[in-house]
Structure formats: C-alpha cells, structure tokens
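Chemist: These are the residues of each chain, in order.
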Amino acid sequence: MKKYLWVFLTLICIGILTVLNFPVGSKALSITFHSFIEMLFIIPPVFILLGLLDVWVPRERMVKYMGNGSGLKGVLLSLFIGSAAAGPLYAAFPVSAVLMRKGTSFFNVMVFIGAWSTTKIPMILFEIESLGAAFAITRLLIDIPGIIIIAFLLSKICSKEEIKDIYEGAEKD
Amino acid sequence: MDSYLLYVITMVLLLLSFFKDREKTRIAIKKGWKAFENILPEFLVVILFVGAVLAVLDPQTISKLIGEDSGLTGVVSAALVGSVTLIPGFIAFPTAALLLRAGAGYMQIGAFISALMMVGVVTMPVEIKYFGKKMTILRNMMAFIFSFVVAFVIKKVMG
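Protein chains in written order, with this note's numbering: chain Z, 2 to 174; chain H, 18 to 176.
Next comes chain H alone, as it looks inside the complex:
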C-alpha cells in the first residue's frame, strides 16, 4: 500500500523536475541508476541469504524457539532470530500476532520485533560498503542491546 504512495510521489516529483529542467532530470535518473548499479551485487547477496535463512527458520521453528515459558533464553533467542532475519513488516507483524496467540510472551515478541527492524546481520555487506566495518558492527551491537530494553519495557507495560 505504501509503495503505491511512493510511486505516486516519485512520479509527481519526476514530472515536476522534467518540466523545470529536462537535462537535470536526465542527470538525476542517471545518478539514481548508478547508485543502484553500484550496490546491486550486495543487494543480491542479501536477498539470497534471506532466502536461505527464512527457509530454515520458518514460523514453526521460530515459535518453538520463543514459545511460552522460554523465559530469558527465549528473549535472547527471539533477539537473535530477529537479528538474522529480514522479514517485511506486513509479514512480520501478523506472524508476531500468531506467535503471541500460540503462547509466546510479550517480552520475547518485543525483542523479536525490535531486533528484526533495527539489527540487520544479513544486510551487513550493504551497510559496511557505506559505513565501514567498525561503524556497522557498533550500530548493530547497540541496536541488539537496545532490543532488550524494548523487550523489558513492553513487558512492564503489557504485563
């Protein structure tokens, strides 16, 4: 749904740009294409990895890892699973809702969702290309630790 909106906005801006200055618009598209081509190999590696990881970690396996009474181990597993997977939100949230119904705790789900969104182990090749190894590892580590803070607060609020 939001991607249609993105297309509409992009089209409007592109047309506006085209009417104002054709040459500049041509350069803009060329620059966008160059940036895309530049990062395409890393993108492809990422989606291949994601395919392999998600083939192994299906919802059943995930629910076993972070199911009821999994306690602190479950929170850690939830954050780890979230870190290595890259699931689009429109699949992740319903999956999380299913896991909750299947008996996963709020704390585990909080850690899972937070790590899923902020930590990206499989996207590291892309991140390293722009930010270098040190910054990438630091950012992901901090986001990983932060997902425990989120888990704790979610548990306090949701009970």
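Isolated chain Z, as found in the complex:
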C-alpha cells in the first residue's frame, strides 16, 4: 500500500482543489477519469507484447540486432520499433526496460524513446491531416536527426557506471 502513497496525496490535493474551486476541481477529475479509461484501453496490449518479447526473443538475437556494435541496422530498427508503437510516452519506459534487459545498447534505447515520443507513424498521418503535409514532414525531417543527436549526447555525457546502474535497475523487475 505504501507504493500508492503519492496517489493518495495527489487525490487529496485534487479533493481540496475541488472544495476551493469546484469547476476546476471537477474538470480535473473528469479529465483524470477520461485518461484512466484511455490508459485501460491502450495499456494492456503494450504490456502483453512486452511479456511476449521478454519470453520469446532470445537475448543473443537482440544483442546482435540492437546491441553494441549493431551499427546502422540497430539505429534503424530502434527508430522503426519506436515509430510503429502506439500509446503515450510513459508506456515506452517499461518497454525500454525489457529492451535493456535483452542487451539493447543504451544509445539504441534512447533512439527508441525518441522515436516513440515523436515520430509515431499513426500520429504523423494525423498530423498531416490537421496541420498540413509541409508542417508534418518538416518536423519529421528535423526530428530524426534530433533524436539521434540527443541519444548520442546522452550516451556520451553519462559515465559507464551510471549506464551500468540503469541496466541493473532494469534487471530487477
């Protein structure tokens, strides 16, 4: 139950907010309810896929395709897996823990997170519809090098020990 301490504290804060300012508070609760329903709808397949990935894909194969020294192939594969994903960014983090456990290089994990956050294929189609092809494609063309540069900088700035700690954390669950 201790795990849910912050959930209760946040609920209490929103409760107080509702008492002080009913319209804002009730709106917060109704948006939360909608995101909760959305989460229940989108999240289950992501976690089932994560379990299947964990059980069926052998570590050696993952290392070969996405590990250190997987080169351009690894980067492209990380970009593709991230872009083909569905669901909010916070669902990408548990998936990346499995990728790390399977021996994906840190750089590729960061590319995967970048792609999940911003180059998701279904979202791009939607973006073209709403904001026009020029806007969406310009953003895509600048995002891909951006994702790779950010992933590169992150994997260079952090020391080997820090990255090792993150990988050990991913082993835990």
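If you're looking for bench data, these hints aren't it; they were derived computationally from the structure. All C-beta atoms, glycine included, are put in the ideal place defined by N, C-alpha and C. Hints are supplied without guarantee of correctness; some may be wrong.
Claimed, not checked - Beta-carbon label-pair distances, calculated as ranges:
hint : chain 1 : residue 1 : chain 2 : residue 2 : range
1    : H       : TYR21     : Z       : GLU61     : 28 to 36 Å
2    : Z       : LYS4      : H       : TYR21     : 31 to 39 Å
3    : Z       : PHE81     : H       : VAL174    : 24 to 32 Å
4    : Z       : PRO24     : H       : MET158    : 32 to 40 Å
5    : H       : GLN77     : Z       : LYS4      : 33 to 41 Å
6    : Z       : ASN22     : H       : VAL25     : 40 to 48 Å
Said to hold, decoys possible - Listed below are several chain H residues computed to face chain Z (Cβ distance under 10 Å; list not exhaustive):
hint : residue
7    : LEU31
8    : ILE44
9    : GLY49
10   : VAL62
11   : VAL63
As the list claims (entries may be wrong) - Restricting the straight-line Cα-Cα distance to at most 30 Å, the calculated cross-link-like pairs of lysine-lysine (DSS-like) are:
hint : chain 1 : residue 1 : chain 2 : residue 2
12   : Z       : LYS65     : Z       : LYS157
13   : H       : LYS146    : Z       : LYS103
14   : H       : LYS172    : Z       : LYS173
15   : Z       : LYS4      : H       : LYS151
16   : Z       : LYS161    : H       : LYS146
17   : H       : LYS151    : Z       : LYS161
18   : Z       : LYS173    : H       : LYS48
19   : H       : LYS47     : Z       : LYS3
20   : H       : LYS37     : H       : LYS47
21   : H       : LYS151    : Z       : LYS74
Could you slot chain H onto chain Z? The hints should help.
Modeler: Using the frame of chain Z, we list chain H on its own:
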C-alpha cells in the same frame, strides 16, 4: 484507430504464442502483468497530475499565452505549456490547428507540438523509476532545447 490495430497484432501474436507453447505464454502474460503492476502507482499519479494541469490550462488559456504577436515570449510559453501537458495526439493536432486559425504563429505551434511530444514533466516520476534522476532531467532538458530548433526550422519553412 491505431489502438485497434495494436489489439489485432497483440491477439495474433498471443494466439501464435499460445499454440506454440502454453507455458511460455502464461509466463509472458504474468511478466506483462507484473511490469504493469510495478509501474501502476506512477501511472496513476501521472494521470491525476495531467487532469489537474489540463483543468487549469484549457485551450482558451493556451491560446492567450501563445496567440498572435506573442513573439519570443510566446515561443517560450508554448514550449513550457507543451512540456507540462500530456495531450494525446488526436486532440493535440486539431487543437494546434485551431490555435493557428486563432492567430498563433507557426513558430509557437512548432515549439508547442515538439515540447508536447518529447518533453514530459508530468511523466517524470515514471521515467525516473527506469532511468534515474540525472538521465531523466538531461533527456527532458535536451528535448526542451531541441523544441526551439524545431520551432525555428518550422518558421523558416512555413514562413
């Protein structure tokens, strides 16, 4: 729409897995459930936060912050608003289109969309659990700075 596709793919793979090896499939589902249960408290905090933030920052408030002639301040506000909100794309893009029609500049919208997708202040509790504080803060800071690059390029291209 894409979530239905996700369900179809998951079902096909799950059935395939089930026919090949029941025991392994059972373990896979158990592992998925454990991973979900493990992160559920953080997920709940995130969606509660999102509810509170979006209740305060409604489209009218956002359009005031990044409306026409808001200039560089508008770009910074746009990136900040994008960073603290978590709006699904199917709402974010039409909202952005409305904001554009209401007079927001391309530069502001570019910063808003980019920060919205890549920077996640409210999702930090989840990210920290997997990547630690330092990495989480660094990634979000870099993504924040990058959204200005996107804003600038979008402005150059869209005029």
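Chemist: It remains to establish, for every hint, whether it holds in the given structure.
Modeler: Status of the hints after comparison with the structure:
For TYR21(H) and GLU61(Z), the hinted distance range of 28 to 36 Å is satisfied, since their beta carbons lie about 34 Å from each other. The given range of 31 to 39 Å is respected by LYS4(Z) and TYR21(H), whose C-beta atoms sit roughly 32 Å from each other. Checked against the hint of 24 to 32 Å, the C-beta distance between PHE81(Z) and VAL174(H) comes to roughly 25 Å, which is consistent with it. Distance hint for PRO24(Z) and MET158(H): a CB-CB separation of about 34 Å, consistent with the stated range 32 to 40 Å.
Take GLN77(H) and LYS4(Z): their Cβ atoms lie about 37 Å apart, and the range 33 to 41 Å holds. Remark: the range hint 40 to 48 Å for ASN22(Z) to VAL25(H) is upheld by a beta-carbon distance near 43 Å. The interface hint given for LEU31(H) is met, as the beta carbon of that residue sits about 6 Å from the closest beta carbon of chain Z, less than 10 Å. Against a cut-off of 10 Å between C-beta atoms, the interface hint on ILE44(H) holds, since the closest Cβ of chain Z lies about 6 Å away.
The closest approach between the C-beta of GLY49(H) and any C-beta of chain Z is roughly 3 Å, which is under the 10 Å cut-off, so the hint is satisfied. For VAL62(H), the interface hint holds, since its Cβ comes within 10 Å of a Cβ in chain Z; the closest pair sits about 5 Å apart. Satisfaction of the interface hint for VAL63(H) is found here, the shortest Cβ-Cβ separation to chain Z being roughly 6 Å, below the 10 Å cut-off. Of the pairs offered as hints, the one joining LYS65(Z) and LYS157(Z) holds, with about 22 Å between alpha carbons and a cut-off of 30 Å not exceeded.
In summary, the hint linking LYS146(H) to LYS103(Z) is supported, as the alpha carbons are separated by about 18 Å, within the 30 Å threshold. Pair hint LYS172(H) plus LYS173(Z) does not hold up; C-alpha atoms about 45 Å apart against a cutoff of 30 Å. Among the hinted pairs, LYS4(Z) with LYS151(H) is consistent with the structure: their alpha-carbon atoms are about 22 Å apart, no more than 30 Å. Distance hint between LYS161(Z) and LYS146(H) is fulfilled; the C-alpha atoms sit about 19 Å from each other, no more than 30 Å.
Distance hint between LYS151(H) and LYS161(Z) is fulfilled; the C-alpha atoms sit about 14 Å from each other, no more than 30 Å. For the hint linking LYS173(Z) to LYS48(H), the alpha-carbon distance of about 12 Å falls within 30 Å, and the restraint holds. Restraint check: the Cα-Cα separation between LYS47(H) and LYS3(Z) comes to about 23 Å, which is no more than 30 Å; the hinted pair holds. The straight-line distance between the Cα atoms of LYS37(H) and LYS47(H) is roughly 17 Å, inside the 30 Å bound, and the hint therefore holds.
This hinted pair checks out: LYS151(H) and LYS74(Z) have alpha carbons roughly 29 Å apart, not beyond 30 Å.
Checked against the numbered hints above, the structure breaks only hint 14 and satisfies the rest.
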